[in-house]
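For this one, chain A is given, so just place chain B on it according to the hints.
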Amino acid sequence: MSAHGWSNAEWADRIAGVLAGARYVNLGVGLPSKLPQFLADRPGLLFHCENGILGTGPEPPEGEAVAELIDASSRPVSLQAGAAIVPFDVSFSIIRGGHLDATVLGAYQVSSTGDLANWSSPGASVAGVGGAMDLAVGAHQVCVMMHHTNRDGTPKIVDALDFPLTAPACVDRIVTEFASIRMESGGLVVDEMAPGLTREALRSMTAAPLEFAHDQVAVADR
Amino acid sequence: MEIHRPTDDRGPVASVLKPVVTAEEAVLSILPGAVVLVGGWGGVGVPGELISALAAADTSSLTVVSNNCGTGHPRDIGLLFAAGKVRKAVTSFPTHPAAEPFRRALAEGGLDLELVPQGTLVERIRCGGSGLGGFFTPTSAGTPLGEGKEERVLDGRLQVFEPALRGDVALIHAWEGDEYGNLRFRYAAGAFNSTMATAADFVIAEVESLSSTPLPPDQVDTAGIFVDALVLRSGS
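As given, the protein sequences belong to chains A and B, one line each in that order.
Going by our numbering, the letters in the first sequence line up with residues 253 to 474, in that order.
Going by our numbering, the letters in the second sequence line up with residues 91 to 326, in that order.
Next up, chain B with everything else stripped away, as it sits in the complex:
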C-alpha cells in the first residue's frame, strides 16, 4: 500500500514527530509528588532504563502505579523503593519474593499502600485515559478490598464503584517504535503499557528498537497520538 508523504517542507508548527531523548532527560519532567504510571507485568515489559534514571533523579514523594513492586530484575521498580522515592504505591501484586526494597520501605513506615485487584487497576487506568469517571464491578464486592466503596446491585449482582485513575507521567516499554511515536509490543509485554499510554499527561516510551521507517499502520498497537517522547534502550 502506498503511503502519502507531505511534500511541503515548511513543516508543521507542532510536529507529530516525537523527540528521542535520553532516559535522564525524559525523567526531568517528573516533579516531586507526581503520580507516575509504570508499565509491565511479572517482570516483562518493564521500562528499566527510565526507572533507573528516575531512581537517580532529584525527585521524591512519588505515587507509583504499578502491577508489581519488584520482581528481582536489576532495573525494575524496586530501585525506586530502594532510593526512597516513593510515598505511595498503587499496586495489584506486590508480594514477589524478590520485592525486598518494597517490603523494607513498608516496614520502615512512610509508605502508603493501595492494593487494587488487577482487572480493576487496568480498568481504572483505561477509564482515566478514556474520559470516563469510573465504573461498577463485582470484583472485590463483599471482600476486605471492597470495604468503604459505593455499592449497587446491577444485573442482580452486588457491584462496587471504582474511580478512574490517571498519572502525571507514564513510563512505558515497547518492543519497537517509530519517529511518530507509534509502538508495537511483543507478546505479553504490552501488559499495562498499552493502557497506561492513554492515561497520563506526559507519556514516555522506552523502546527496544527505533524503526527508521514508519511502522506498518495496521501493525501499530499504540498510536503515536498517545506518546510524547521516546527513549531508545541502550541495552547496557
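Just chain A, with the same shape it has in the complex:
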C-alpha cells in the first residue's frame, strides 16, 4: 500500500509541534494561511498577517465575514482573543524587528542549506514578492509548509536552488505532508515520517541527502 501522507489536520498538528513555545507566528499565503482552521483553539498562539492583523482566527461563519478582516491569501478571517490591529509599517517592524517567534511560509524550493525560494520561478516575466523576503530575514524561526514534490513528482527539496532566492540559509524546518525535516549544519534530518512511508520512498521524493533522527522509526510498507 502506498502512503498518502498526513491529513490536513495531522499536518497542522506537526506544524504546531515544531512551533512549540512560539507565541507570535506569522502565516504566509497559501497552505499556511489555513492553519487557524486547525490550530486557533490552542492556547498561547497568536497568528500574524502582514496586513497589520495580529490574531487572525479561523474563517468566520457564513454571513459574518468583515470585508476588512482578511489573511495573506485575502480570505476572510475572524479575530482571536487578544488580537490587535497595528499600522501597516508597524506590522513590518514586527516582522523585521525580531518580534515574531516564527513564520510558516509556502515554498517552491528549499535547499539542503536552508536557502528559500518562494517568490518567483525561473524565466518568469512577472512575479509577486509581497512580504516573503521580509519574513524570511525577520522571523526567529522560518518553517516551510509545502507539498513534498511538485504535481509532476519532481522534488522541491534540492541540493541547490534553480528558482530565484528569497533569502539565503533562512529555513529552520520543512514540514511536508510526508515528513518533518530539521535543518542542521550538516544537512537535513528527518524527525518524523507519515505512516506507511519507507525511508527509500521519502529519499526518492527528495533531491538532497536525508539523515534520520535516532528515534525515528520507519514503518515498512504493509
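No lab work stands behind these hints, which were simulated from the structure alone.
Treat the hints with care, since some could be wrong.
[Stated by the list, open to error] Which bits of chain B does chain A cover? Going by a derived footprint, with three or more residues having C-beta under 8 angstroms, they are:
#1 129-136
#2 181-187
#3 204-210
#4 229-236
#5 270-279
[Unchecked claim] Here are some of the chain B residues that sit facing chain A, going by a computed Cβ distance under 8 angstroms:
#6 Lys108
#7 Arg193
#8 Leu196
Where a beta carbon is used, it is the ideal one built from N, C-alpha and C, also for glycine.
Just chain B now, with coordinates in the frame of chain A:
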C-alpha cells in the same frame, strides 16, 4: 472631555478645514507624468472612486505606487492599466490572477515594472514622509531583487540601501473622516493608506463616511495635518 472651539468668527486665512470635493475635481491636480501613491492591500482599503475618476481623467504617463496591480475588484488600479494611463508601476505583489489589464500592459510593452519587497516598499514611503533619505535592510540582500543596490554589513548582517519614496499625489481610503481631515481606518484597511498619507505633496482621502462632528482625538489614526482634500464615497 471638553473640546475648546474658537469663538472668533473672522476665521483663519488658511483653514484647517479641508475641502470636500468630488472625485473628478480631486484628480484634476494629477498632471501627466505624476507619481501617484495608491493605498490598499489585497483589495481592501482601495480608493475606488478616486481610481475610477483618474482612469477617466485627461492625464497619462503616470508612475503608480501600489501594493497590488489589480485584484479583480471592479474599481481598483486595474482600471488605470486598462486605460493606458501608467508608464511605470512600483509594486510588491502584482501577480493576482485577476490582474489581467496589468499583465496585458506589461506584455504590450511601454510599462516599466519595479518590484519591491512589501516591507521595503512601505518603509521607503515612511522615510519619504518622515524627512529621511532612506535606510539599510537585510531584506533582499543576496537575492535578485538586491542586485545593484549599495551593500553594507551592519550588525553582522549583509544589508542593502533603499532610498526614500514620495509621491506628487496620494490617493488613500479611510473608513471615516471629519472636516479637519482627520481619518480613521477599519481593521486591515489602513494598510499603505496611513503611510502614504504622510508622503505626497497632495493627499486626497476617499472616506466611507464624513462625521458631522470632529472625530474623538484619541481615535484618530491619520491626523488632518497630512490630508489636503476629502472625497465622500457615493457608494454607487
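Hint check:
1. Look at the stretch 129-136 of chain B against chain A: 5 of its residues bring a Cβ nearer than 8 angstroms to a Cβ of that chain, three or more, so the hint holds.
2. With 5 residues bearing a CB less than 8 angstroms from a CB of chain A, the stretch 181-187 of chain B meets the requirement of three and the coverage assertion stands.
3. Residues of the stretch 204-210 of chain B lying with their CB closer than 8 angstroms to a CB of chain A number 6, which satisfies the three-residue condition for coverage.
4. As drawn, the stretch 229-236 of chain B meets chain A at 7 residues by the rule of a beta-carbon pair under 8 angstroms; at three or more, the given contact holds.
5. A count of 4 residues in the stretch 270-279 of chain B with a Cβ less than 8 angstroms from any Cβ of chain A is obtained; the coverage claim is therefore met, three being the minimum.
6. Here the hint on Lys108 of chain B is broken, as its CB sits about 21 angstroms from the closest CB of chain A, past 8 angstroms.
7. Annotation: Arg193 of chain B was flagged as interfacial toward chain A, and the flag holds, the nearest CB pair being 7 angstroms apart, inside 8 angstroms.
8. A hinted interface residue such as Leu196 of chain B counts as satisfied when its beta carbon comes closer than 8 angstroms to some beta carbon of chain A; here the least separation is about 6 angstroms, so the hint holds.
The structure shown violates just one earlier hint, number 6.
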